Amino acid sequence: MTRFRHLEPVLWALTMLGIAFIGVGQSDSSLVAVSIAGVLIAGAALITVPASSGNRFSLALAAATAVPLLIGPIFDFGGAIGAVAVGFLSGWVVLQLFGSDEQTATADSDFLRQSFGAFLFAAFYVALEGAAGMWIGPAGANLVAAVAAALVWFGFETGAWAMTTYDRVSRRYLLRLAVEDWPVAFSLFAVGALFAYVLPELGWWAPVVALLPYSFAHIAFYRSHLARVTYSQTIRSLARIPEVAGLSPDGHSDRTADLSVAVATELGLNPHEVRMVEYAARLHDIGRITLNELNIIKVGFTDDDIARWGSEIISEAPFLTEVAALVRQQHDPYRRPGERKDPDLPIPSKIIKAASAFDHATSELGFSTLEALEVLHRGAAYDFDPDVVEGIRHIVMLGEAQS
Amino acid sequence: MQAVKVRLAIAYAGLGAVALGIAVATQEFPPLRDWAPFAAVAFLTVYYAVEVNDHLTASPAAMIFLATAVAFGAGHAALGAAAISAVTPVTKSDIAERRVALSVINWGQTVVAAVLAGFVLEPFFPAGAWSQRDFPLVAVGAMLASMVYHFVNFGLVTMAVRIVYRKREVRPWSRMGSILRSTIVMGFVGGLLGATYHLVPVALPFIFALFGVGYLAFSSLSQLREAQEATLRGFIKALEAKDLYTRGHTERVAYFSQLIAERMNYRGTRLERVRWAALIHDVGKLAVPRDLIRKRGRLEDGEYQQLQVHAHVVEDLLAEVEFLRPMVEIASGHHSRFDGGGYGGTGHAHGNPPSQEARILAVADAFDAMTSTRSYRVALSQEFAFQELRANAGTQFDPEVVEALVQSVVETGERYGSPNLGSEEAARLIAEGKGRQ
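First to last, the protein sequences are chains A and B.
Counting in the working numbering, the first sequence runs from 1 upward without gaps.
Counting in the working numbering, the second sequence runs from 1001 upward without gaps.
Here chain B stands alone, though its shape is the one from the complex (with noise of 0.2 Å):
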């Protein structure tokens, strides 16, 4: 593979270097007081790239190539925008794992880019001075150079991952539309930025400045984001850990939902809500005796009424974190049948079916539960879980959920609990010690 990447790291970088040639053959480089500040600001924004938002897909350096490509002007913009692109192709996580084919190709693909999205805006520049009456002309002009630049990106990188990694299907069509529509706004405001800097260029520094200060926001804010997950599953692994039966229960839980969840096309937010509810489902266990969670046999009347109270108080407890509260609510609906009925949840209580959401955690759950050992029984096989849940699909379980599981975990080709054990006896005959697998 290493042989392959460097093949088509030399091929990009001829790819970049013939079109910087173009450039420069055909256009005039920008004065440096002007190329020097733009540069600096398109370095900076590509090194410390942070996450700013899951609706905006495209980079933000996109838009700083369109700004300096429209600032620059007439007989400037393709040469100005490529000579920028082409000193920024490194990002910090880069330089620390020695990505060097990676940083070689990229820098070929975004030059080439630059330079075509340049040549598009030519055309779209007033002829002599500029003033405000250009400014719809020219905002369009970077709107369309902005998608050339993000198709001809997209492509070339599809090309290099299917060249190197031999996927077909590299990433999903679906996504086009949020792309499309980032690629237009990023257009927008690059135009707009790159005008203002004709009739204004006091105002560049301002406007930087500003988003400057916002993406020392944003980079604090995926900070925070991050020791919010980081601290609430350190905390369910550590309580859970206390337990030996159920120990990597909700991590395997969550790993099956999302299996089931991208398969029925759960993207994003929704997604991550579904991960976040798995990985809270069994946290009201933790405040139930613990002589109840591990007893051998079936529980009593009594006791499960017990284990239903504990459970719904932590959940009250974890539902005043705004941010948990739809979790918390697929999460007690889990425990609901697909047809009504079944203890705890929301869903129950109100008499309404569980949301989608929980019928993908009680498939997850169930699952999980059947092919890992607990303290009746002995896992059991994966084939006798499909059997199980098939046959309580349309009852207890959503039949379009059961199946989704079982096609996304075949075909992942993992395989989870014991080789060859059909029954729910055996099982339990073996860890009383009666039985032999």
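Bound-form chain A, shown alone (with noise of 0.2 Å):
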């Protein structure tokens, strides 16, 4: 695959180019009309947004609903394909030449996911316009076609997203998480199609009446995103105190963390649930800043103990009762003997049990990977959740096959 890393753009710039000369050819309108629309798309997709998910969109996404809606007295498809290609062409000609390096490291995968669904969006639109307008005349045609096109293509962006963004989670997860992205989306198509609707009257005003409303939803967006990133680091950084300290291993909280949260994707859970399960792994071990109390040196401590001071700890927290309640159950064996499962205990806690288990077993006692997993089967009888222990078997088992 690697020997082909540099082809797969190139192919893609051919055919935006192709794409380019013959939506032009075909166009009714004039060449300068499609460049300034492919200016437009070009910029746009220069400015990015952060949702929640992970994912940027670009600002193209407003500037192709735009162009499909404005060019042309009737609608022109290929003056709407030619601009496409041509806005994101010149948009990945001048990423790749003074994009930043994290710019430049997803524009390949991004250019390529939003040029095919900008394409998708003029396609539907066309389609849907003509139906639309034998059903409900043309006044309301072209709205209802560009509702019914923006769905397509925010459903074509968050799968497309979903499928190529590989990070030891599900698809399935991944794909939900997408889902909660819409509403970056559709401010998005609803920028777009609000410059659409004003340019005609509005003239050198439109920019500025679609972008007043539009920075601010951007900037909201942005801020979240800061807001989010710097909540993780924080719980990162708390959960690091004991381990600096010398009270815990080194990057326990770290790899239980990553792990867990694998897990927990496979095992079907929801994105707040996931989260939770990563909070609660990176701060399971917090408990143990109280062993350097004399009195603990000398009485002793067993695991019980850490899981009670840590859940007292993360409940001062009152965004956190929740993780404080995981953190109190981490130890709990998922069955008793004579008993069946536990239902009362909750399957992130499970998922932390057997995550840092496996953590320990392979960095402190230097078991293998195979070893550690059987150290898992062997205690699924009342330790180890069977279910969880298969996902993290798979997990392992893929991270191995890759590497």
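The set of hints was computed from the structure by calculation and includes no laboratory data.
Note that the coordinates shown come from a computational prediction; the quantities given were computed from them, not determined experimentally.
Note that the Cβ used here is the ideal one computed from N, Cα and C, for glycine as well.
Mixed in with the good hints, there may be bad ones.
Listed next, with one range per pair, are the computed distances between beta-carbon atoms [unchecked claim]:
| id | chain 1 | residue 1 | chain 2 | residue 2 | range |
| --- | --- | --- | --- | --- | --- |
| 1 | B | Ser1375 | A | Asp344 | 26 to 34 Å |
| 2 | B | Asp1316 | A | Gly300 | 30 to 38 Å |
| 3 | A | Met397 | B | Ala1096 | 52 to 60 Å |
| 4 | B | Gln1223 | A | Asn270 | 12 to 20 Å |
| 5 | B | Val1004 | A | Val179 | 52 to 60 Å |
| 6 | A | Phe301 | B | Arg1247 | 19 to 27 Å |
| 7 | B | Arg1033 | A | Gly155 | 30 to 38 Å |
| 8 | B | Glu1097 | A | Gly246 | 43 to 51 Å |
Two chains, two separate frames, one set of hints: put the complex together.
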């Protein structure tokens, strides 16, 4: 695969060039109009906005929504796809030449996805506008067609992102996460449509009128993103305090959290539950901060004590009560002799118990992956839930196969 | 106070009614299909008010009142805006806390301000059909109207607070600049949106939808921020509670730092930063072996070094959180002396003098250390602490900061430390059970 890494973008660029030529050749609009639309898309493609899933949307979504609505007195499909092709191609070239490393890293897949989505939008728009025009007349037809085509685009964008982002977590989970991005996508489509509607009447005031409300939303998304990052960084730093104090093995909380999150998505937990798993896994050993108290050094402690102390500390944070409960139960067996599975024990606690044991075996006891899995399998009678063990096995074997 | 509030509420309601009456007498009510959607949006905005931005102080409701006034156009502006402001006086928290009188007062002042703003707008409307060439004039008119709206509103609020609480200085005038700026921005945006409605009515749902989505994101943002602060606070509290002698220390140091910083005219983000630095200034000790922290008597040189190393490890960890980095810098600089020297801190390491924020934290920390009981001595008196701080001003402490602390603590009328224990020696003897207070 790696040998063809540079081939893909080249093929894509050639395709864009071809579509641009054919589109402009078929177009009834002037070359100037198509070029202006292309420049609009190219510029917009360089401005991105972070969404809650981790995907980054670009303003090209807005521009590519506006272009089909604007170009031509009657709909001009050739002009629209020509402008889209010109726009994404020139945006990509600019990014390759002047973009930062961070931007160019994902540029290839982002532009491929976005340009294909834009073609889909244009195609669905032209088809639906014709169909809707027969039912409800031309006045409402363009609005109905734009909304429907935007839904198709959003579906494609989220689906394609979930399929191409591989991060040790399940695709189904990524898809669920991507659907939570709807506010960002919605605001981009809305600002594109708004611009298309007001441009003929307002002229030069149109960009101002369209961008004022959008910039409000943009700032909100951007700052929410920063706040989310800050929050998880804070949790991570707090979780590492016992490690830097030498009370708990270095990196254990990070590794346990990574594995737990992967398993949680594998087992089909929803985004909120996965977040709880992440926080609880990071903080599961925070109770160890208590270990350097003199009387504890004298009296000794059990695993359950650490779970209790940790949960006491976490429950001081009002937004983490759920996490505190999960940490409290992190050592409980999923089943006791002669009984059935404990239905009250939350899945996240079971995941953390097994993931922490796995990391302990590989990192501190020096076990190989297979030996560590064997530890989990042997404990599957009472300690580790077989479903969770199976999840860990799947994730770990997948990781082995990749490396 | 309740009687005063009720009388004031009646007076303001009367004022509002008179203003509404004048608008009804001179203007026509706008068509209901124009009025209803604007009213719904304005109501929702006020009801679900979120803190949007530290720099935009004024409520976004004003922007919607202006947009409606412009959208309704000549002959309708004042009555339309007033009729909308009249249906939106309550917020969610008003209902939750049953603040009836306050809501009525709010209603009165909002209606009066909206009517006046509407009349200010009238001369700026184009005579015939609207075109994009009218936009600049309408925008200027809306900015003027926005200023009128805010100043009338501001004046009435100030008056109400003065009458009810008998306070003379209500809001510091230093914030006038930012209020004026946001007023102008809101006026401009409101005016443009209203004018857009005349030319492209279909654009309005899109605009409101965009604002709505932005609003949602901002409200989740303020929730996240709250969660962030609550989490850090909770952890610090929980970890601190394990040590009997320093319980409440960080909270008090944060409070003293805030007192000093406010007196030295810190506002907004800068003030927050000092408060946060105070909250985290002692996290470093979490990684230090307890026997060292709780040791009776003075630390030996080797132990002292160990303390510094451990403190730095945790500080580095917190500095990984980008948001906390400036606070960590302040916190780690607070052991540096005003004249250079002392242990720890980037300030010392680079040979730079500590920042003013770090100097504030140093004084607040020292004051609380002296006025609270430690493992090796009981609390000293407040007067003694002031004396000590002043004696070391210019060398260890910044004289300006010390004076700010003394003045602001005296002003609050609060007292810290023991009533009359004026010597370090005596305090130590009492703690060792050899003396009597």
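Hints the structure fails to honour
Result: hint 1 breaks, nothing else.
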